[in-house]
Amino acid sequence: MVAPVTALKCNQGGIVVEVQGGPGMVARLNSMGLRPGVYVTMKSGQPWRGPVTLRFGATELALGHGIARRVLVEVKE
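Position 8 (the sequence shown) corresponds to 8 in the working numbering; numbering is contiguous.
Among the hints, a few may not be true.
The calculated BS3-like cross-link candidates involving lysine-lysine, where the alpha carbons are at most 27 Å apart (straight line), are [said to hold, decoys possible]:
no., residue 1, residue 2
1, K9, K76
2, K43, K9
3, K76, K43
Keep in mind that the hints were calculated from the coordinates and are not lab data.
My request is simple: use the sequences and hints to build the entire structure.
Okay, here's the thing in structure tokens:
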């Protein structure tokens, strides 16, 4: 199932299949290592559309909810 990364529960993971957005945002996330094919795990999420923290490889990255919802993942149960 493909869903925004914001739909993941804590410690649930998935493979990034698409990063939606303008070329600048996509390039910025790509430069931080967040790109299609990368397995990410939700480390924490705040209620009411707060920021989320993702882990991929040795990296932990906090993203605002608006950006995080544009990162689509193939959810692994």
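Here's how the hints hold up against the structure:
{"no.": "1", "hint": "K9 to K76", "in the structure": "holds (11 Å)"}
{"no.": "2", "hint": "K43 to K9", "in the structure": "holds (8 Å)"}
{"no.": "3", "hint": "K76 to K43", "in the structure": "holds (15 Å)"}
Consistency with the previously given hints is maintained throughout, with no hint failing.
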